[in-house]
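Trainee: Both chains come to you apart, so use the hints to assemble them.
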Amino acid sequence: MQLEVDHKFSHKHILGLDHLSPEDINFLLRSAASFKEISTRQIKKVPALRGRTVINLFFEPSTRTRLSFEVAAKRMSADTFNIAASTSSLKKGETLIDTARNLAAMQPDIIIIRHSHSGSPGLLARHTRASIINAGDGTHEHPSQALLDMMTVLEHKGRLDGLKIAIIGDITHSRVAHSNIIGFTKMGASVTVSGPATLLPVGIDQLGARVCSSVAEAVEDADVIMALRIQLERQQDPLIPSLREYASFFGVNQRVLSLAKPDAIIMHPGPINHGVELDPDLADGPRSVILDQVTNGVAIRMALLYAIMGGGEG
Amino acid sequence: MAQTILLQNGRIIDPAANIDAPGSLLVADGMIKAVALADQQLPAQPADCRVIDATGKWIVPGLVDMHVHLREPGEEHKETVASGTKAAAAGGFTGVACMPNTSPVNDNESVTALILAKAKEAGFAKVYPVGAISKESDGSTLAAFGELKKAGAVALSDDGRPVENSQLMRRALEYSANYDLLLIAHSEEMSLSRGGVMNEGSFSTRLGLRGVPRVAEEIMIYRDLALAEYVRRPIHIAHISTRESVDLIRRAKLKGCLVTAETAPHYFTLTEEAIADYDTSAKMNPPLRSFDDRQAIQEGLQDGTIDAIATDHAPHSRLEKEVEFDLAANGIIGLETAVPLALSLVRDEIITPTRMIELMSVMPSRILGVAGGTLRPGACADITLIDPDLTFTYTKENVVSKSKNSPFLGWSLQGKAVLTILDGRIRFSSL
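Protein sequence lines correspond, in order, to chains A and B.
Per my numbering, the first sequence starts with residue 1, numbered consecutively.
Per my numbering, the second sequence starts with residue 1001, numbered consecutively.
Looking at chain B on its own, in the form it has when it is part of the complex (with noise of 0.2 Å):
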């Protein structure tokens, strides 16, 4: 039986109902019972009502991050689908994406209904199962999109690669037609990519590092668009990095085209520098950019180009970061830093507190089809209460990710989730 929950004196955030402002919220039987604004009266609560002082905190709607790898099936000594949400719910999420390219593949209702029997069991944050574009997302071959659906899959990807192929892309986009389902293009050009492990530039020149060239992403993202268009699709651009990938976004969505793209908060707070002296945290697909691309991400993310922020929170063990730079797996772990980092950007007055929210929840929610992303009373209790001044230093030893690899350690982070609750019950909690 869930909890009634008392959420006291805090700044409600709730973009869907256009509000920001103090208040109180009571969650009763996993939903949201009442919002009581300023001197709004709440309605009564029971005896056994657990009363929770929210002053100084952000009361939102819990955090959905729409790019995640949680690695099981097949790489479970990098994360499970109970660490993976455990660090989830830890960094304010109560609903994640997760990516098919785990081991076998998520190309099929089997691993779908797997991923999704471990959630229900683990039981700390919604996963949403991304299915596979392509059989075994080797590009050649549409995966089952009826069965996928039908088992769970909430939308489509070939994630960690892009589909090279573009009749393939092509046909995906119409097909998915059939079931509803968005695809998240990886738009990656391998032919100008392929080799490349770090932004091209006197970066890379300087440490003798190949390069991946900023154009390797921006054709085919207009490629991606392209063919979205002339087949009248809705199609989702992942992590986006280069100003140019912004710019073609901007355009795309003035011609009324059905696009939606995310960046992740290393692009927005990090630069290639961060690289340092072949730093293998730092080493992610898409690499880290220039200043000027992070600038041009940031500008997306206020102007609302950009729809979302997702973490592709991609953990790796040692075994894959603790060697040469070249051979180093791409990918950090970001559902633990997410929030501190987004707050940065609020403070620095280049988003607002709403704005956040809509980035982190709103937006993915509606991207992918699911419940969540408002305060309204009647919705399901996912709720995340964030404290914005809170300081901590992000160390090691905090990761609740069965995975360390973050550019972040050692970073003194401000504003974290400090409780979130999923269908009214309390899920994670630092008060």
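Chain A on its own, in the form it takes in the complex (with noise of 0.2 Å):
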């Protein structure tokens, strides 16, 4: 797909990589690029925020994509500030549109917001002003990862149209899997998904994956395979037996490495169980790239900030 150097980027919030456009989304992975740049820097600090305040507001446990999101709000020189749920007042039983309205009487230019139900982000996106980015929303979308996962595999293959991008595991209860699937098609690559038949989401094909009954037939001459986590918190309902079968027949391993392409790539959002999903030597080996994807999470967070701040302005 050919790069647009002067693409204006239009959109006030990220609320999901469905409402973005693949000139949206490459003109990110573009900006992240050269942002990426910053970070190598003994001063790892420019001015292009500078006097923007920005909220990170998380209702859930993360300790990489808050850390990312501040990271870069700060090499931008925005002023940023955690709210974590164990310490606000949603804990005394305010709801989440009081939440958006006093922190919009401070005056915030960008709310960043993890939250376990779906659509949170778009309802505080319509009872505050400031620009609002979803860091992550129940089983919806999570942008940011997925266009960090973008942008590395870019770096790694030179481009992402035509490639063949395999996620492994519970693609039901994963943001991750669904804005993967979302940008990697729109971006021309096919995406393919596996695993347990209980935790591949009803109508997922009709989001742009081909659904394999296999884990081998997924990753087949795949040159991406993504293992995403299982989520051991979600067990209530019967989903699968055991870790242990999980492990034997969906986890990623030398076998089903040696069906991808001989260039085949691993990633994973984190956090790893390991041995479960993932074999341990192959999250350390040489193919693995998720420490690359968290490198990139903090440039891809230092251009959407940029962007949705008027940076896309051509």
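Just so you know, the hints here were simulated from the structure itself, not pulled from any lab data.
Since the model is a prediction, treat every value here as computed from it, not as a measurement.
Yeah, the Cβ is synthetic: ideal placement off N, Cα and C, and Gly gets one too.
Mixed in with the good hints there might be a few duds.
Here are the in silico distance ranges between beta carbons for each label pair [to be verified]:
hint, chain 1, residue 1, chain 2, residue 2, range
1, B, D1348, A, Q231, 43 to 53 Å
2, B, V1346, A, G162, 33 to 43 Å
3, B, R1194, A, T95, 22 to 32 Å
Mentor: Okay, structure coming up:
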């Protein structure tokens, strides 16, 4: 896909990749590539967002994403504030809209929200004047994660168009999978998914993914294998009999990797259940790009912050 | 003293008498005094008779909504018997059956008596209380059906939730025979639906919302039909929403089972796409389904499989709706939009005007075993005047109900009840 030089990025909020065009995504990937260099400097700071206020509003635990957004905002010279659900008025039963209105009264420019209920970022967007970035909502979307995944693949493969991406695991509960299916498909890659049938949601094919009943079929000739975290906390529903059975039939290991292209890379959005969805030797091996994903996360989030603050004006 | 009223030169639609013809209707002493078709003569009217020009309008028996939630006692911030029946009158309804999921639950004579007293005081519409099947509608033991009947309950339901225990459902079907009370089933297999907030399918996957599979409704309808057939009792299935539900009822009727069924205007008007961007005003239970299901519901209304249109009027305040989709309450208000939405089926030639009045007046009255549903001289004067052409925009400001939770706000609607007469008295008029 051709990179567009003078794309006008006109979104106020980043609620999901569903709302972004391939040109928008290209623009973000391209600007992230240039922002990446800043993090390698001795003085890792540019004044692009000086005087801007960024609030990290996290209702679910997060280490990587929250820190990544905070680092990104600080490297752009924004003032950042973190609110975690455990210390906020939500513990006292305040509604999301009340929280939103109170935060809005302090005039933030950007609110980054993670929430366990799908659609919460949109609700926030309707009740504040700030720009909203979705840092993961329920089982809906996690757009910044998918963008950093695409950036990482682009770095290693030089293109997205025509690639084959295999996503293995709990697709139903994975907002990362949903955003990646939408994003990679928009950029011309093909996405196949596989996992226990209990964890493949109804109608996932209509998001653009091809569903395979076996992992072997899904990873055949794949350029990228993405293993998803199997979420132990979801096991109140009878979804899989045991982690042991999961690991032996759906875990990504050397045998699975050998079915993919010889230069296939391995990704994981973290945190990893080592030895369950991913063989530890692969996670730490030469084909793994998991730490590149983390590095690129900061660059992507810098690009997102910059773009919604008007940095995309041509 | 009730007024003498002449509805002149309208289109009289009285399915019970097989009439759909131009004519006039005279109301006196709270009763329908006479109906004159074409050039038939009406008896002389007194000098103080109020003459209403019904040209271009339908004169129909008062509409009856057999499934509403009036929220009183307990949730008066959403609706009261007075505000709900006022909304009913404004929507063209002269009778409503209110579900027992109030707080406390209507599982005893004092709650039933309270509702009836409030209804009498308000005087906007006849209220037919539906008693609970189980005490506190908790699904464990039978409510006192005899006591409920004596106090004025017309049917029984644990609406809002299913009777999960099949044995309790069987016993309720049997025991209700002693009091000639109809069971209204909210059919939902909870082990499949629990936690779900919209129809399960590609839309729920796209929105990342937990789905309610159609089979949760269908399996329970099958159970309820099987039990009713086994103990040879009638049963009424509430708010059906899927193609297979329509088929199950169609097949049961062919076998001769004593089953009736209702659907709501939102199921024949909307699909799950109405949720769009997490719009909680399109959240209800059962959830809005697919295009194909909507099609099947329309077919069921057309071919007689579905007997009644009931709104499932479910008022909720902003507090219950302006929240995350997962946390929002189920249900929408419906009393004031039922007529225009049903009329759109008439305009699309899916149902005839006569069929519409059967679905909204004749059948609900018969199913509940209450008066009404007819314009026969001598019957109580519960009459609705419908202007089928009047176009209006449905906005928050013109909602009569205390709550405004409707997915139809902002819609341009065609057709409206313009006059509602209850026992010979005008209870609503926008003429």
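Trainee: Are the hints correct? Go through all of them and say.
Mentor: Taking the hints in turn, this is what the structure says about them:
1. B:D1348 - A:Q231: 43 to 53 Å: At 46 Å between Cβs, range holds.
2. B:V1346 - A:G162: 33 to 43 Å: At 53 Å between Cβs, range violated.
3. B:R1194 - A:T95: 22 to 32 Å: At roughly 24 Å between Cβ atoms, T95 (chain A) and R1194 (chain B) fall inside 22 to 32 Å, so the hint holds.
Taken one by one, the earlier hints fail for this structure only at number 2.
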